[in-house]
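Those protein sequences? They're chains A and B, same order as listed.
So for the first sequence, the working numbering puts the first residue at 11; every next one is plus one.
So for the second sequence, the working numbering puts the first residue at 254; every next one is plus one.
FYI, nobody ran anything at the bench for these hints, they're computed from the structure.
Be a bit skeptical, because a hint or two may be false.
Claimed, not checked - Below, in silico cross-link-like pairs of lysine-lysine (DSS-like), each with a Cα-Cα straight-line distance of 27 Å or less:
hint: 1; chain 1: A; residue 1: K178; chain 2: B; residue 2: K310
hint: 2; chain 1: B; residue 1: K428; chain 2: A; residue 2: K178
hint: 3; chain 1: A; residue 1: K222; chain 2: B; residue 2: K332
hint: 4; chain 1: B; residue 1: K278; chain 2: A; residue 2: K90
hint: 5; chain 1: B; residue 1: K350; chain 2: A; residue 2: K164
hint: 6; chain 1: B; residue 1: K410; chain 2: A; residue 2: K178
hint: 7; chain 1: A; residue 1: K32; chain 2: B; residue 2: K350
hint: 8; chain 1: B; residue 1: K310; chain 2: A; residue 2: K90
hint: 9; chain 1: B; residue 1: K278; chain 2: A; residue 2: K212
hint: 10; chain 1: A; residue 1: K71; chain 2: B; residue 2: K422
hint: 11; chain 1: B; residue 1: K350; chain 2: A; residue 2: K83
hint: 12; chain 1: A; residue 1: K178; chain 2: B; residue 2: K429
hint: 13; chain 1: B; residue 1: K332; chain 2: A; residue 2: K212
hint: 14; chain 1: A; residue 1: K83; chain 2: B; residue 2: K410
hint: 15; chain 1: A; residue 1: K222; chain 2: B; residue 2: K428
hint: 16; chain 1: B; residue 1: K310; chain 2: B; residue 2: K278
hint: 17; chain 1: A; residue 1: K32; chain 2: B; residue 2: K339
hint: 18; chain 1: B; residue 1: K308; chain 2: A; residue 2: K178
hint: 19; chain 1: B; residue 1: K339; chain 2: A; residue 2: K71
hint: 20; chain 1: B; residue 1: K429; chain 2: A; residue 2: K74
hint: 21; chain 1: A; residue 1: K32; chain 2: B; residue 2: K278
hint: 22; chain 1: A; residue 1: K90; chain 2: B; residue 2: K308
hint: 23; chain 1: B; residue 1: K410; chain 2: A; residue 2: K219
hint: 24; chain 1: B; residue 1: K429; chain 2: A; residue 2: K212
hint: 25; chain 1: B; residue 1: K328; chain 2: A; residue 2: K90
hint: 26; chain 1: B; residue 1: K310; chain 2: A; residue 2: K71
hint: 27; chain 1: A; residue 1: K164; chain 2: B; residue 2: K410
hint: 28; chain 1: B; residue 1: K410; chain 2: A; residue 2: K74
hint: 29; chain 1: A; residue 1: K90; chain 2: B; residue 2: K367
hint: 30; chain 1: A; residue 1: K212; chain 2: B; residue 2: K422
hint: 31; chain 1: A; residue 1: K178; chain 2: B; residue 2: K339
hint: 32; chain 1: A; residue 1: K164; chain 2: B; residue 2: K422
hint: 33; chain 1: A; residue 1: K83; chain 2: B; residue 2: K310
hint: 34; chain 1: A; residue 1: K83; chain 2: B; residue 2: K308
hint: 35; chain 1: B; residue 1: K410; chain 2: A; residue 2: K98
hint: 36; chain 1: B; residue 1: K410; chain 2: A; residue 2: K106
hint: 37; chain 1: B; residue 1: K390; chain 2: B; residue 2: K422
hint: 38; chain 1: A; residue 1: K74; chain 2: B; residue 2: K278
Here is what each chain is made of, one letter per residue.
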Amino acid sequence: MDTEDLELSDEEEEITADVVLKTIQNLWQNERLSPEILPHRNDMVECMLGQIQHMERNINKLPKTDLRASIHKMELNRIKYIICNYLKTRLDKIEKYCITIVNDEKQRTESGTNYLTPSEFRYAQEYLLSIEHHLKETILNRVPGNMQAFEINKMAIVPALQSHVFLKANETVNGIVLEDHFGDQDEEIDLEEGSQHILQYKFIADLVKNGKVQLV
Amino acid sequence: MDPYEIEFIGENRIASIIPNFSYDKIYLICGEFGPFRAGLPMNVPLWLAVMLKQKQKCRIVPPDWMEIDNLENIKEEEKRSRFFTKMPHEHYMVEAKLILGAASEDIPNASEIKTIIKDIWDIRMSKLRTSMDALMKSGGSYGRLDHLTMMEINSVKPLLPSAMNELLKIQMTSKKSSSATLNSSTFSQSGTSQNL
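Please put together the full structure from these sequences, using the hints given.
Take a look at the structure:
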């Protein structure tokens, strides 16, 4: 796991619920706006789910007509929306870029820098198997033998890392190199804290992952 | 992202209300608020302010920036400057829309305020279109957009990013095809020589 992200709180043991909530909201926003799947933060999600359960137990103790109950419920619904949408966005990406993600994830697992949670990885592999199975059942087994091979890598959809994204710098990062695709002239820019830019995702992918910039 | 999602994010801003009931502090996940004292102003998240307003349990106190004089200044400044000026905050449009929508009777001169904010928005959007046009014409694949708020940025999505993506594709294929035309011209030359 990347330890850099834990800088959000000075004492990671004592991280408060509102900090966890803000973190999840930023994760959700980044996940929605980045072309590729980002490293999971299951620790944050689990922590918030625990909070929600705890809160729900307390709400049940309140009388139904209590104003506080409806306020708490409203807040919980808002948080649940963020978490559901965050997880769904990840699943959408897993399905869309399934082959690429499974391949990359196998390498990442070897180096211990996995992006998917174990259950997401299982889902990705099973999804891939079902596609393969489906294609074999419906098409490949019915065509001439020399065309039956399932050429998985030819089917892979790769996330468009060169696509342009909007970002806001959480802290100053100097010397981002905007490579020129033709090798003519590279441009170098600085991201000052609080400044906003539009540029290709691939140049700042690492900064999104370590929280130095926020996609907007 | 959907504009409603930007609104959803903007709803986490803190707004000031005057409740008409009294209650103890409330401990939410996003923080603690209260105690509620009837008639005394206090801070709550905007979503809660709107919710209480809908239940007729409070009045919403408009933020300082939503006063006509301040807004006139912002508008003049925005007109004068070639660049985007700094807005009162990241979600000014969301805050204005929600407060004016849910509690226009709590705000003196609500309709004038609405008009000025709309003017400011329009000036900024027209600037944004001009700068997008300039950015595309210069063929750039990088731009700096300080002081644009999330809703404004979102309003040019997916147009600007995808236009820039397309531009990039064109640049890459034209680069490729220019080297390809070199090849094909030599090829056609050899072709004609064969014909001869």
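| said: Let me make sure I understand: some of the numbered hints might not hold for this structure. Which ones are they, in numerical order? | reply: 1, 2, 3, 5, 9, 10, 12, 13, 14, 15, 18, 19, 20, 25, 27, 28 and 29
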